[in-house]
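Chemist: Residue strings, one per chain:
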Amino acid sequence: MAGQSNECILRFDGVSVRFDETPALDGLSFSMRAGETRVILGAAGSGKTVLLKAALGLIRPTEGTVSVFGDDITRRTEREMFGLRSRIGMLFQEGGLFDSLTIEENVAYPLVNQQRARRLSPEQIRERVEESLRFVELERTLDKFPSELSGGMRRRVGIARAAVTEPPLVLFDSPTAGLDPITANTIIALIVKERDVKNMTTALVTHRYQDGTLLANFRYNPESGQLEPLGRNGNAASRTTTFMVMREGRLVFEGTQGQLEASRDPYISKFARQSSE
Amino acid sequence: MLDFLKSPILAMQDFFALAGRAFLNILRRPHYADDVFIQMDIIGVGSLPIVVLIGFFSGAVMALQMSRALSTYGATGQIGTITAITLVRELGPVLTALLVAGRNASGIASELGSMKVTEQIDAMRALGTDPVQKLVTPRLIATAVMLPLLTVIADFVGLFGGYCVACLLLNLLTPTQYWTTSYRAIEYNDLSQGLLKPFCFAIIIALVGCFYGMRTTGGTQGVGRATTQAVVVASIWVFVVNFVITRVYVNL
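Chains as they are written, first to last, in this note's numbering: chain A, 4 to 280; chain B, 11 to 262.
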């Protein structure tokens, strides 16, 4: 089960995805262990979103195999996937909120509709929803509709919905895209908080190197309620963050932040240089 | 040439795959009863005013036209018979189906299409729920239940429209004469085809609407295109299936 260290939670083995002969993913191989944080960088159209959708089985690979929690999902039917997907949280690029449902109904959606969680009473569901929204500091928006919220608030609701069932693996698709730097940092801080408090394995797709830096070097201190740099109080080794760089559907880099910053490849170093610009 | 043929055949295959899943889901858990009732309200109760209006006027026009034609043969006493048979066999089911196709196939296609282009369908799958079970099956059940009921109402209101014209406006026959001839004209054969037709049309309308909605691509323009296609295709299939069912019943 998740939570056990060193267990392989997500594994891509030679995965290719093609749309009309154009490869969106090209022979991608990597694996993620429980408790790990993975930051996936890449230019627009480099296949980052397709990677996340393939991990969830929303897109079927043309070649190769995808394993989640040790199960090969490549040949599973759509119906067999639903149980597995309830163990993975996903934040879509634009939030993916249901615009005809209120914020409360949106966050409650996985609790109400997933077979795994259908035993909860309405009171328990409301409690969990309120708790999840309090976590992203939006507990006063229960009765509002997504269209009444700002872009940043919608992403926060998306985070609350992805984490409400406390899944062992959460995937974030460009949570900071199109947001101002202040809101973007708030969103990443919330992701760090979710990750550390609920002990979730996290994969984050982004084109902002700063997002990766925050995830790799900060942890949430539950006592102060603030983020603090890793290394303080002897907690340096509590998290492992791996960086990946994608280019035209291929994985061109996989390694630590130090290795990424030391890379001489012009494409890779462009991402590392962002933070100093 | 092969590519030209490939796309409609693939679309047909996708349509039947969706239809198969939607039907199978009726028997499978989880059942979304709330969604079924919401859709029944939107499709059934929502369409009621317009169905009543159109039903009334189609019956009234039928009686008007027949009054002129039948008076040539001195057979105006048969107005009730003719109005009842045409309404129950053809006009009621087809007109109601076309109205519901225009109103609900478009509504379903645009709703599902908007959800598709804003990643809400993907989000639904990602959250561990089957979009076919949650969106398509409730719409299929709701339309299949409500369209026959709407047709029965349209038939009755149409007969009332015919009564208003024949008895109140033109004074051609007495109310008893009109209602008795209408009642006697309808046989079990008419009733069964008059109810089988809307049931089949409902399946077409719901599935075509959902099918075009679920395969929408290309942003808001795509949603518009899906909506138009859904209404056009559903209406065409209503006429084709109407012909097939009528052909079968004529031979019975």
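Simulated from the structure, these hints should not be mistaken for lab results. As the structure is a computational prediction, the values presented were derived from the model and not from experiment. Certain hints may be false.
[Unchecked claim] Listed next, with one range per pair, are the computed distances between beta-carbon atoms:
(1) A:185 - B:34: 35 to 43 angstroms
(2) B:242 - A:105: 45 to 53 angstroms
(3) A:154 - B:232: 39 to 47 angstroms
(4) B:201 - A:66: 53 to 61 angstroms
(5) A:133 - B:251: 26 to 34 angstroms
(6) A:146 - B:194: 51 to 59 angstroms
[What the hints assert, rightly or not] Covered by chain B, according to a simulated footprint, are these stretches of chain A (three or more residues, beta-carbon under 8 angstroms):
(7) 90–99
(8) 109–117
(9) 145–153
[What the hints assert, rightly or not] Far from chain A, some chain B residues (derived; all Cβ distances over 10 angstroms):
(10) 88
(11) 133
(12) 194
The beta carbon of each residue, even a glycine, is placed where N, CA and C say it ideally should be.
Chemist: Please name the hints from earlier in the document that this structure breaks, with their numbers sorted from lowest to highest.
Modeler: 1, 2, 3, 5, 9 and 11
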